[in-house]
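With chain A held as given, fit chain B onto it using these hints.
2 protein chains.
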Amino acid sequence: MTESVIRPVPVTAERFAQYGDVIHASTAAKAAMNDARFERFHDLAKIDVESAGGRTAISIARCKAATTFPHRFDMVERHPLGSQAFIPLSPFSFIVVVAPAGEAVDPADLRAFVTNGRQGINYHRGVWHMPMIAMEAGQEFLIVDRLPARDNCEEFILGDPITLEEP
Amino acid sequence: MTESVIRPVPVTAERFAQYGDVIHASTAAKAAMNDARFERFHDLAKIDVESAGGRTAISIARCKAATTFPHRFDMVERHPLGSQAFIPLSPFSFIVVVAPAGEAVDPADLRAFVTNGRQGINYHRGVWHMPMIAMEAGQEFLIVDRLPARDNCEEFILGDPITLEEP
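Note that the protein sequences, when read in sequence, are chains A and B.
Positions 0 to 166 (numbering that gives the first Met the number 0) are the ones given, in order, by the first sequence.
Positions 0 to 166 (numbering that gives the first Met the number 0) are the ones given, in order, by the second sequence.
Just chain A, with the same shape it has in the complex (with noise of 0.2 Å):
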């Protein structure tokens, strides 16, 4: 078997465009708010919870365990009902690893990217994933994302490991 690795690359509104978006204060969508004591960045991600009577949900996940790297993983997940976004509580970069939606996942297709700490990703509808890592124990992130829970998790094993590399 040959094993295969990937290292994570900056994102961008345009490289993470085909799997969601970068939520961050993008001078693209500033809007008016609250007289002048207040910049409004605006509608930063598209919220697709609604199917099979779905609604939006506001959670918080706490990381207890660290990753450390190289990160071997052999399975991505995909949300079918909905999208799901992560946005940091305090600024700290995090990894992500995503595949295009569609029945199954190429190895190939596999892609890392790296925020810069002061960005969220809201992955959209059915984009396979990595399960979420975080590099220090501790660190929160927001998530929006669909209630109920049922029926909206699929796995995908993967034929070989993947090795994550720091970026």
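What the hints contain is simulated information worked out from the structure, not anything from laboratory work.
Being a predicted model, the structure only gives us computed values, none of them experimental.
Treat each hint with caution, since some may be false.
Each pair may be met inside one copy or between any two copies, as identical chains are not told apart.
Here are the simulated SDA-like cross-link-like pairs (lysine to any residue), alpha carbons at most 25 Å apart as the crow flies [to be verified]: (1) 45 with 104; (2) 45 with 146; (3) 29 with 91; (4) 29 with 52; (5) 63 with 89; (6) 45 with 103; (7) 45 with 124; (8) 45 with 152; (9) 29 with 41; (10) 63 with 106; (11) 63 with 3; (12) 63 with 128.
Just chain B now, kept in the frame of chain A:
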């Protein structure tokens, strides 16, 4: 005229229940997620945006002018068509002033709350609130609210200004 003065008290889920949700990693809301790597604090806010064709939107608000105390204001607003959540994107405290949903605001009903730095808040639909303030320029909130924005902001002018004191 008699000027009203209010001083914020620490927010708790119980104190805030009639106005909305406190979004924090409450042990009451723990759920399983992603093996043993994360704790998930689940379904922390009632997102109520679907009336009249609304959808959930994610935005970021960045403070460009810090508010100092005492802070005087003479207007509150409400969003008749949807809830609105503010979650700090780094640990900082902020202050909200609220009054119960209803056609008019009795200034005697205004209540001020201060967060502990790790909490967000979600105004329920129709709850009156002071326009957002922050205590340092550069502080950023994630906003989870309803789009489209049309017909979803009403203002109420208070007869006498309110003075908000430092917590």
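Verification of the hints:
Within a single copy, residue 45 and residue 104 get their C-alpha atoms as close as 23 Å, which meets the 25 Å cut-off; across copies the closest is 35 Å, which misses it. Taking identical chains as interchangeable, the C-alpha atoms of residue 45 and residue 146 lie at most 25 Å apart whether they share a chain (16 Å) or sit on different chains (12 Å). Proximity of residue 29 and residue 91 under a CA criterion of 25 Å is satisfied in both settings, with 23 Å inside one chain copy and 23 Å between copies. Within a single copy, residue 29 and residue 52 get their C-alpha atoms only as close as 32 Å, which misses the 25 Å cut-off; across copies the closest is 23 Å, which meets it.
For the homomeric pair residue 63 and residue 89, the shortest alpha-carbon distances inside one copy (16 Å) and between copies (19 Å) are both at most 25 Å. For a Cα distance limit of 25 Å, the shortest separation of residue 45 from residue 103 inside one copy, 23 Å, qualifies, whereas the shortest one across copies, 35 Å, does not. When the C-alpha separation of residue 45 and residue 124 is checked against a cutoff of 25 Å, the pair qualifies both within a copy, at 10 Å, and between copies, at 22 Å. With identical chains, the CA atoms of residue 45 and residue 152 are at most 25 Å apart both within one copy (19 Å) and between copies (22 Å).
When the C-alpha separation of residue 29 and residue 41 is checked against a cutoff of 25 Å, the pair qualifies only within one copy, where the shortest distance is 6 Å, while the shortest distance between copies is 30 Å. Taking CA atoms no more than 25 Å apart as the test, residue 63 paired with residue 106 passes in neither setting, with 28 Å inside one copy and 45 Å between copies. Taking CA atoms no more than 25 Å apart as the test, residue 63 paired with residue 3 passes in neither setting, with 27 Å inside one copy and 46 Å between copies. For the homomeric pair residue 63 and residue 128, the shortest alpha-carbon distance inside one copy (20 Å) is at most 25 Å, but the shortest distance between copies (36 Å) is not.
The structure fails hints 10 and 11 (numbered hints given earlier, in ascending order).
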